[in-house]
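Novice: With the hints in hand, could you dock these two chains into one complex?
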Amino acid sequence: MSESHSNPTASPIVSVRDLRVTFTGGKKPVEAVNGVDLSVARGESVALIGESGSGKSVTLRSLLRLHPERRTRIDGRIDIAGHDVLALGSKALADYRGKVASMIFQEPLLALDPVYTVGAQIVESIRRHEAISKEDARKRALELFERVRIPSPERRLDAYPHEMSGGMRQRAMIALALACKPQVLLADEPTTALDATVQIQILLLLRELQRELGLAILFVTHDMGAAVEVADRFAVMYGGRIVEEGPTREVIRNPRHPYTLALMQARADGAMTKGARLASIPGSPPDLANLPVGCAFAERCAYAQPACLQTRPEAVAISPSHQVRCLRTDATVGAMDRNHDTAPDTLSPALAD
Amino acid sequence: MIFYLLRRIVYTIPIMLGVAFFCFLLVHISPGDPLVAILPPDASAELQRQLMTLYGFDRSWPEQFFTWLWRALQGDLGTSIASGRPVAEEVFKAVGNTLMLACLATLIGFVLGSLFGFVAGYFSNSWVDRAASALSVLGVSVPHYWLGMVMVIIFSSWLAWLPATGAGPGGSDAWAWDWEHIQFMILPAITMSVIPMGIIARTVRALVADILAQEFVVGLKAKGMTDTGIFLHVVKNAAPTALAVMGLQLGYLLGGSILIETVFSWPGTGFLLNSAIFQRDLPLLQGTILVLAMFFVLLNLLVDVVQTTIDPRIQRS
Numbered sequence: 237m238s239e240s241h242s243n244p245t246a247s248p249i250v251s252v253r254d255l256r257v258t259f260t261g262g263k264k265p266v267e268a269v270n271g272v273d274l275s276v277a278r279g280e281s282v283a284l285i286g287e288s289g290s291g292k293s294v295t296l297r298s299l300l301r302l303h304p305e306r307r308t309r310i311d312g313r314i315d316i317a318g319h320d321v322l323a324l325g326s327k328a329l330a331d332y333r334g335k336v337a338s339m340i341f342q343e344p345l346l347a348l349d350p351v352y353t354v355g356a357q358i359v360e361s362i363r364r365h366e367a368i369s370k371e372d373a374r375k376r377a378l379e380l381f382e383r384v385r386i387p388s389p390e391r392r393l394d395a396y397p398h399e400m401s402g403g404m405r406q407r408a409m410i411a412l413a414l415a416c417k418p419q420v421l422l423a424d425e426p427t428t429a430l431d432a433t434v435q436i437q438i439l440l441l442l443r444e445l446q447r448e449l450g451l452a453i454l455f456v457t458h459d460m461g462a463a464v465e466v467a468d469r470f471a472v473m474y475g476g477r478i479v480e481e482g483p484t485r486e487v488i489r490n491p492r493h494p495y496t497l498a499l500m501q502a503r504a505d506g507a508m509t510k511g512a513r514l515a516s517i518p519g520s521p522p523d524l525a526n527l528p529v530g531c532a533f534a535e536r537c538a539y540a541q542p543a544c545l546q547t548r549p550e551a552v553a554i555s556p557s558h559q560v561r562c563l564r565t566d567a568t569v570g571a572m573d574r575n576h577d578t579a580p581d582t583l584s585p586a587l588a589d
Numbered sequence: 002m003i004f005y006l007l008r009r010i011v012y013t014i015p016i017m018l019g020v021a022f023f024c025f026l027l028v029h030i031s032p033g034d035p036l037v038a039i040l041p042p043d044a045s046a047e048l049q050r051q052l053m054t055l056y057g058f059d060r061s062w063p064e065q066f067f068t069w070l071w072r073a074l075q076g077d078l079g080t081s082i083a084s085g086r087p088v089a090e091e092v093f094k095a096v097g098n099t100l101m102l103a104c105l106a107t108l109i110g111f112v113l114g115s116l117f118g119f120v121a122g123y124f125s126n127s128w129v130d131r132a133a134s135a136l137s138v139l140g141v142s143v144p145h146y147w148l149g150m151v152m153v154i155i156f157s158s159w160l161a162w163l164p165a166t167g168a169g170p171g172g173s174d175a176w177a178w179d180w181e182h183i184q185f186m187i188l189p190a191i192t193m194s195v196i197p198m199g200i201i202a203r204t205v206r207a208l209v210a211d212i213l214a215q216e217f218v219v220g221l222k223a224k225g226m227t228d229t230g231i232f233l234h235v236v237k238n239a240a241p242t243a244l245a246v247m248g249l250q251l252g253y254l255l256g257g258s259i260l261i262e263t264v265f266s267w268p269g270t271g272f273l274l275n276s277a278i279f280q281r282d283l284p285l286l287q288g289t290i291l292v293l294a295m296f297f298v299l300l301n302l303l304v305d306v307v308q309t310t311i312d313p314r315i316q317r318s
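If you're matching them up, the sequences are chains A and B in order.
The C-terminal position of the first sequence is numbered 589 in this note's numbering, with every residue numbered one higher than the one before it.
The C-terminal position of the second sequence is numbered 318 in this note's numbering, with every residue numbered one higher than the one before it.
Excised from the complex, chain B in its bound form (with noise of 0.2 Å):
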């Protein structure tokens, strides 16, 4: 288990280093001067071979990627363009956020995800079936920014139970476990957590009604089990999938719901990404994608380490 632990950390430095080198090229061959952002329209050349020096944009971009990655690896990220603070700094403090509200929504989205899919697994074909299949097509299909309105409408505008934006009372950014700033997380986790929920219950279902039909559940009928006896084996059976899918959407959901934090100007990477994409922030940008995908590689490790304690067919050696 140790060397099985330590190889597969291995693997992953050269795929951090692949995502590293992907995501540095793909912001540099994007059509935009960055510069152009910070520079006063009437700005003499002078000063903007200045500014070219001092972000390293004169050089070749092999040697900007030879920079930049050392210096990322002792964790200095650059400096934002845009509000000239460290990136590693916004970026850590976006991550801590979107955890927070990834990491609710995955869970409500598994929790929810699972019971529907266990229902329709077990009455396959049945109308709880239909209706639960439904509802996980109608998660995975919904706009979610269009649902994220919606719901503010109705809890915030129409009822005013919960804040429809931000994240703590008078737009502060300093975070706190009280009511105060919870009531700001449960509108967007809510929203969130529909995607994780229609991918989790579909695949529990269709899990669920394979493991079924899987001749051991005849035998442990045949040895007497009962319907709760044999329910325990169906879900140890359906844990490493399920739980393998709960980890790929939690990486999803770190990066891609820019949109959902957008209209609940939630301040994560999301909100982030979109504000460094649309002032041209390179080091901003950057730093952002290649902080996302570690935390991806990262939760891949995880995942894959989680299965195979579960289930034993998956080689170790």
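Excised from the complex, chain A in its bound form (with noise of 0.2 Å):
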């Protein structure tokens, strides 16, 4: 920590330290993310995907703390742009959110009230922060729909959420979450309920506005394609833990957490062969409240050994930007490049009939 302090300018904004989150709500705890290491730096993006119930959405929600208070712990450390934020008081954390760092939903129909307008949504998030007058804040409003780019932005203002498209209220929802110019911006999935075509316009915004704000993008998802679109970097999330992190272009030509390996495998895009089957994988993700002794993803694994079950597997650092948490790296050297020569080969029988 000392560190940093003395060197802020290379500190990054988003520091994540062993996040541990605990919902205690159910009959047992579950833990939904159990030790978590994340950063990201002013101006980067970062990508955190995995599958429904591997902790991504958690981890993200925790960094603004929106679990219910009552049923959840956190543990570990979170300093968001020098607010410690596990730390802040109800007053403190109020003026933290929207302000600092804001988030993006997945699905801007239920995130928005459905009874307020769009435009009035935004004028009071600004006064919120800020004390400047409701025309001015109108005015501000306007400018942020200009530049998420919505159509006819003076008469949207006046509109409903109910009353717009689902690629004009997730460019609403963006306008919102900008509105008082966080540092960090958190996107939940911000494109899993749209069209195809709408989900490119609205990562390329997102790419777009990161550029020329500078804004520092967490961004959850399990869509390994638009997370290509916008991430500088990847961080590919398991049973609660980041499996394997690193450099986007370098994750996904040379994974080698096999569960990255197997994800990357499942794409349906790309070159398939017609008639090939599309590659899954077996079973089923581990069950958060009485998770296993050793790799959560031993289970699934194509490369386990009986070490993995035994032992919970530290990072292995690939190169200095590139960590996995896997004990079988060795294994998974080049494994990419083998499927893509073999796939075919072994499928070939099938087809010939």
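Since the hints were made in silico from the structure, they are not lab data.
Treat the hints loosely; a few may be bogus.
So, partial list: chain A residues that the calculated Cβ filter (under 8 Å) puts toward chain B [stated by the list, open to error]:
#1 Leu-302
#2 Arg-333
#3 His-398
Here a beta-carbon is modelled for each residue, glycine too, at the ideal position from N, C-alpha and C.
Specialist: Laid out in structure tokens, this is it:
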């Protein structure tokens, strides 16, 4: 910690250390996140990737402390732009939310208040954090609408969320999130609820805004294609932990965790041979109320050995910026290329008849 | 908005006609001869026939209906058999009294019911919630005439704080807005308010719990809203339904307070209906039911319009 204080320019704007989130509301505590380390530099965009229940959304929401306080235990340390998030009092927390870090939700129709116009909700947000007049706040909202390229913005400000199309609503949501000029933008599956063509537009918009405003973006998705468009860096989550992390290109070209590898092979797009069987990962995600002692992925892993069931793997550095939590990294060297070459061969007998 | 209003008003016309028809029919298929009450036991057949003609009971019922409807449209609801005075006059005086009482009761019920509902919804499944819920269940299920009698015993007999029955000192029926008169309203209004209070509390509790579980509340938190700010959003989301329930409750209280008005001898519509039924005073009974039904229809219209202005998702076009 003393290191980062002495050199603030190099310190990441988002720094998460050993984050553990446990939901205590049910019969058995659910360890949704256990031991996540993550950092995002200024102007960097990081994608948190994983399937449902991997803890990616829980991690993201912890950064704004959006989980119900009474039923959640959060341990570890979260520092965002100089704020020790877990130590903030309720007033300071409310001041921090939306101003320092803000969030885009998966389904804007549900995340916006249905009985207020979109414009009113943006104005409300601006006036919550800044002492400016209603007229000025509305002017700012109009500029934001132009910035996120909503057609006829003046009129749309007075629209209710249900009166807009899905893509338009997500643009409005982005405008709302940017209303108070935050330094960090958290996006919770921002394109999952949208049509494919609209998805691309929203992703490009996010990318553009990030570059223009120098935002740090932490972006949760289960869509690899979407992540590649926006992210500088990938962090792949499984069973509440980050299992592989590295620069986007490196992770895509050379995935070293068997789970990332399997995810890459399960992608439906790209150079699929016609008639080829779509690869999938056998088994189902681990029960978070009952995590195994060893590697959480071991049961479904093609490379698993007895040792994997006993020890929880520590991070192995593949390169200075690429880390993998796996005991079998030696076995996954070049596995991506190998599989690409062999896959058509293994399937060809089935295709022959 | 203007078109919506006009359309809604036009829609109420067939409803009102239907209501008028059914209230006429209901009264006419009920057993008993209305003239028995006013005829002397030894009345001649001739006198009986004369009275039948006078009140129009000798004609077929469709004929009676249209005559009655035509007169009602002109504001003439006929003459009370029992008192001989115009029905319209009696009904409107009673409606005024009931309206005062019902409005006050609904107001008390709405304020307390919303309060309990909000507290219970915000702290759902805590002891506060259970206490508020128990109170509202009690409010809905306690027999109101019994509650009225208990109130009279406690506050009038034992404590002698408030008068037990009537609507003014010395049995006078001229109302005035001074303490002399208002004190007569307090016990019946509180007794009556228990009904809407229970129902509104339960509705608001469910609404608030449902709203708080919605994603937009997380969205509000995420943009830095304080608990007070979020509370205002919850209120605006809960208001349309809560107001609708309040409007309907007011409608029920306008006609459904027969027992309470009888316990407190409050000269309202319930009291009037009660005596009209017992005296088989058909014109009075029909007139009272018709006027109450019209009030109900108008209230529904009002509730719909208010709801539409608050909640944009309700279609206007």
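Novice: Should the hint that Leu-302(A) touches chain B count as held when the rule is a Cβ pair under 8 Å?
Specialist: 5 Å, holds
Novice: Less than 8 Å between beta-carbons is the criterion; does Arg-333(A) satisfy it with respect to chain B?
Specialist: 4 Å, holds
Novice: Does the interface hint hold: is His-398(A) within less than 8 Å of chain B, judged Cβ to Cβ?
Specialist: This hint holds: His-398(A) lies near chain B, its Cβ roughly 6 Å from the closest one there, short of 8 Å.
Hint check: no violations occur; every hint is consistent with the structure.
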